[in-house]
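Undergrad: Protein chains in written order, with my numbering: chain A, 270 to 460; chain B, 24 to 230; chain C, -3 to 197.
Okay, derived cross-link-like pairs now, BS3-like style, lysine-lysine, Cα gap no bigger than 27 angstroms in a straight line:
1) B:K119 / C:K171
2) C:K(-1) / B:K84
3) A:K362 / C:K(-2)
4) A:K361 / C:K(-2)
5) C:K29 / B:K119
6) C:K70 / B:K111
7) C:K43 / B:K111
8) B:K218 / A:K433
9) C:K73 / C:K29
10) A:K433 / B:K220
11) C:K29 / B:K111
12) B:K144 / C:K(-1)
13) A:K427 / B:K218
14) C:K90 / B:K111
15) A:K361 / C:K(-1)
16) C:K138 / B:K119
17) B:K119 / C:K43
18) C:K(-1) / A:K362
19) C:K138 / C:K43
20) B:K84 / C:K(-2)
21) C:K138 / C:K148
22) B:K119 / C:K90
Don't read these hints as lab results, they were simulated from the structure.
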Amino acid sequence: MNLGTIFLSALLVENVVLMRFLALCSYIGMTSDLGQSTGMGFAVAFVTVLATAATWPIYHFILVPLGISFLQILVFILVIAALVQLVEFYLKKNVPGLYLAMGIYLPLITTNCAILAVTFDNISKGYNFIEALVYAVGVSGGYLLAMVLLAGIRQRIKNSPIPKFLQGTPILFVATGLITVAFMGFAGMIK
Amino acid sequence: MKRLLNILLRGIITENPLLMLMIGLCSALAVTTTVANGIGMGLAMTFVNVFAELVISLFRKLIPNDARIPIFIIVIAAFTTIVDLSMKAYFPALSKSMGVFIPLIVVNCIIMGRVEAFAYKQPPLDAIFDGIGMGLGYTWVLVGIAAVRELLGAGTVAGIQIMPSSFQPILFFTFPPGGFIVFALFISLNIWLNKLKTAGAAAREAA
Amino acid sequence: MKKDILRLGITLALFAAGACVALAFVYTITGPKIAGLESEQLSASLKDLFPDADSFPAIEPALTASDTGVVLEKAYKALRGTEVLGVAIKAIGKSYGGAASMLIGVRSDRHIAGARVLTLSDTPGLGANAVNPAYFVNKSSKTTFIGQFTNKAVSDPFVVKQDVIAISASTITSKSLTNILKKASDAGVAWLDANATGGVQ
Chain A
270 MNLGTIFLSA
280 LLVENVVLMR
290 FLALCSYIGM
300 TSDLGQSTGM
310 GFAVAFVTVL
320 ATAATWPIYH
330 FILVPLGISF
340 LQILVFILVI
350 AALVQLVEFY
360 LKKNVPGLYL
370 AMGIYLPLIT
380 TNCAILAVTF
390 DNISKGYNFI
400 EALVYAVGVS
410 GGYLLAMVLL
420 AGIRQRIKNS
430 PIPKFLQGTP
440 ILFVATGLIT
450 VAFMGFAGMI
460 K
Chain B
24 MKRLLNILLR
34 GIITENPLLM
44 LMIGLCSALA
54 VTTTVANGIG
64 MGLAMTFVNV
74 FAELVISLFR
84 KLIPNDARIP
94 IFIIVIAAFT
104 TIVDLSMKAY
114 FPALSKSMGV
124 FIPLIVVNCI
134 IMGRVEAFAY
144 KQPPLDAIFD
154 GIGMGLGYTW
164 VLVGIAAVRE
174 LLGAGTVAGI
184 QIMPSSFQPI
194 LFFTFPPGGF
204 IVFALFISLN
214 IWLNKLKTAG
224 AAAREAA
Chain C
-3 MKKDILRLGI
7 TLALFAAGAC
17 VALAFVYTIT
27 GPKIAGLESE
37 QLSASLKDLF
47 PDADSFPAIE
57 PALTASDTGV
67 VLEKAYKALR
77 GTEVLGVAIK
87 AIGKSYGGAA
97 SMLIGVRSDR
107 HIAGARVLTL
117 SDTPGLGANA
127 VNPAYFVNKS
137 SKTTFIGQFT
147 NKAVSDPFVV
157 KQDVIAISAS
167 TITSKSLTNI
177 LKKASDAGVA
187 WLDANATGGV
197 Q
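With the hints as extra help, turn the sequences into a complete structure.
TA: Here you go:
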């Protein structure tokens, strides 16, 4: 089970948004602008990798040895919340432009189910530290990919005739469904 | 009493979290391949929602505003863990089939949203009814989507064969694309029903 | 200012402590039940592989596989009275979507009694078909992926696409599970050779 397979599988075959239905709120909410979706994609990638780097050791070297693995949900989500706070402070001080542009969506990264799911997957799949990091990068790439794809499509939708009953949100989900059909084609890619 | 009933109905219909407010979507599409999963997820989420809203409402005077988000997280995470452990112990098959989505209840935007917007400012009894209402609203949409997906994708509803045996299951509906498309149709249906309702109300006003 | 932060910190700590206490309490009730379920599943699987056996004492020390990627977590002798019917091994190895664990039974006649997949997190519709009772690698005989190993001689090559039929479009899963099975069976035969000469048909 080499690292390349883990990465490609996370990026395409089991794409976090399109195949696993995670991070949908931000997917629908933040793809109206291509710049916004790219920014969000990178922010989520950053937090996901950091969260993996933090939660994996905490689980294996603290929770398990002390027999308190039942605190996994509590500890992991608090770690993510703390990381997002730190990112917020850092951006506010050093990159105020981005901080203002992201607005309310920055703290909302905490509730991004993809990030928490990655931290859980690392444990349930029995990955070692390196594999976990590669997986985190792959999933983040998959998220960025899905965000950018939908943002691009939404630009086109603005100028296309849409049947009345699909206008607004429904057409976004139909479009997503169609992209997903394409992604299902990746299934046989990794043999 | 009427007030409490209104709170309940609001979550179920007028401010339905999935169809109107469009939050808490992730789990709604992932676990709706079968009706059993849909009911299980709905009940699990309702449990966490009701108790989280109750506890936050009970302690609302003691929770300082600046530290409220971490405290909300702690309370929601605690109840999510309780549901997770209980399901693993007493409903292992269901727990396995829902996988990571039970622990993911902790980041369900609906619960976070209600706790912040409602439970933090309202008395406990109201909070309980809001929790139940939002939970029921979430559950019925989940079961609805699941019923369509299971019926068309496997010919069964809740494991009971409904379609005649000559029916060829359309596997498309159990796959992710099918989920997205069915959800799109549900939203579309809901928008149309709301248009009818406002048109009807306007007509009554004009009359 | 400092007093405020202190107050915030203490309130936070109190809630966290309360949550931990509540969870520890729930865990003391559910923890044993969850562990109990696992051992029930294991006993049921052991009985399933060796229906004639009446006891399954553990083998100590644990066996080792020739492949370091396959961990033989536990091994059990299948006994009918004092007669050794075979050995059952719980093996863990890497599959496509992470760790996979299997229970493999090797009969004293050096053939596989059967195999069960205990945990697998591979792709639904592809690798996960290894645990799908309705997915057949041989449609005419209705044999599942795991079912094809029953009664197979341990001395066979165990090569996917030669003597092992793969799950379509899931060669990695098929290879990983076959590898775990082969390594565990080899270790099982090695134990039988060393500890239980002769064989019962």
